[in-house]
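Student: Residue strings, one per chain:
Number of protein chains: 2
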Amino acid sequence: MPKISDEKRAARRAQILEAAWGCFQKEGLHATTMDDIIRASGLSAGAVYSYFPSKDQLIMAAVTASLSGLTSLVEPLLRAEPALAPPELVRRITDTIDRFTTRDGYDLKRIALLGWSEAQRSEPLKATMKSFYFDFRSELASAVARWRRHKSDTTGNPESDVAATLLSLVLGYVVQSAILDDVEPEGVTRGLERLTQPKG
Amino acid sequence: MPKISDEKRAARRAQILEAAWGCFQKEGLHATTMDDIIRASGLSAGAVYSYFPSKDQLIMAAVTASLSGLTSLVEPLLRAEPALAPPELVRRITDTIDRFTTRDGYDLKRIALLGWSEAQRSEPLKATMKSFYFDFRSELASAVARWRRHKSDTTGNPESDVAATLLSLVLGYVVQSAILDDVEPEGVTRGLERLTQPKG
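For the protein sequence lines, the chains are A and B, in the order given. Counting from 1, one number per residue, gives the positions in the first sequence under UniProt numbering. Counting from 1, one number per residue, gives the positions in the second sequence under UniProt numbering.
Since the hints were derived computationally from the structure, they do not count as laboratory data. Check each hint, because a few of them may be wrong.
If several chains are the same, the list does not tell them apart, and a pair holds so long as it fits within one copy or across any two.
Said to hold, decoys possible - List time: in silico BS3-like cross-link candidates among lysine-lysine, alpha-carbon distance up to 27 Å:
1. K55 x K26
2. K3 x K55
3. K55 x K130
A quick note: this is a predicted structure, and the numbers were derived from the prediction, not measured.
Here chain A stands alone, though its shape is the one from the complex (with noise of 0.2 Å):
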């Protein structure tokens, strides 16, 4: 076989994986099939199993793919300086994560609840998923500490709590978009700001 440049199994691998988003969202993860992905990827079998040898692998790197773009489009969010206020924060990453997961034919927020669902029988998949969310969490947490030192505001509660109440909201902000369609980064912000600023 002619070797082919790092460049294109780059491409071809996104290629295989766009396959794979679109099979899981039309049949799901179980009745999706190596053969409906190959069909849907226009590749040959040989150049879909040397990329991914069992479905299982297949599944665990889409969901690495979808986690680990996000991370780098959210990342310059939870970095930014001065620290984003909380709210901003929020209408920011949900934002991201609209604009990451809406594609050609499939909605990357639906695929999501699939990959979690998987996660409660697949060990690996819960801990790439954990190690995900872990790190995520503690990027919020570092987001708000730096947030709250320019307010001057160092009394109370750890950042903790406020990055695991963070990372509900965007995760709740997923589950309600995949199952009631209606929620948009706007309304979800201007919630949170509404109680962040509560008049007496």
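Starting from the known structure of chain A, fit chain B onto it as the hints suggest.
Tutor: Structure of chain B alone, referenced to chain A:
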């Protein structure tokens, strides 16, 4: 067949659903067979099929039963007079979810994730969930409206935004708890309190 009382029917139905939830947590919705559930229930195949003619009907019943069981516990919180402040509402709802979902041998929070996933492929299931979460969100909005009147706060954004934010928080709590295993109502509530009482 001898007639059995309504009470006994309800108890048997609950016994079958208990068995189903246990199997679903162990094997997932798809790998679980009616035979698995029959075995776990300790009832005859005829008895189980007389309550639930198909696995799809059983899945629907398992979801509906858990949603309506939770509703009956959460409604008094949403309708409390005077209305609970949002952080207290979140604390008591997530606490209720924790107590309702933690069972002998399985956790309904994990099974909720399986249900959301299945709803991506089953329209009737998605419609059932949609209607439940819409109702929940609109009750949240009423609770917030009553709380704001109580606080003489009638300015600014509509309650529906706050309700969408609170629903995200609650749904995200379920995800975070099922995947990360380490959140508690107290932590998420302290985080929200911290956000709602910023020190300038």
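Student: Decide, hint by hint, whether the structure agrees.
Tutor: Against the structure, the hints come out as follows:
1. Proximity of K55 and K26 under a CA criterion of 27 Å is satisfied in both settings, with 16 Å inside one chain copy and 21 Å between copies.
2. Taking the shortest Cα distances, K3 and K55 sit within 27 Å of each other inside one copy (25 Å), while across copies they are farther apart (50 Å).
3. In this homomeric assembly, K55 and K130 come within 27 Å of each other (Cα to Cα) only inside a single copy, at 21 Å, whereas the closest approach across copies is 31 Å.
Violation of the numbered hints given earlier is absent; every hint is satisfied by the structure.
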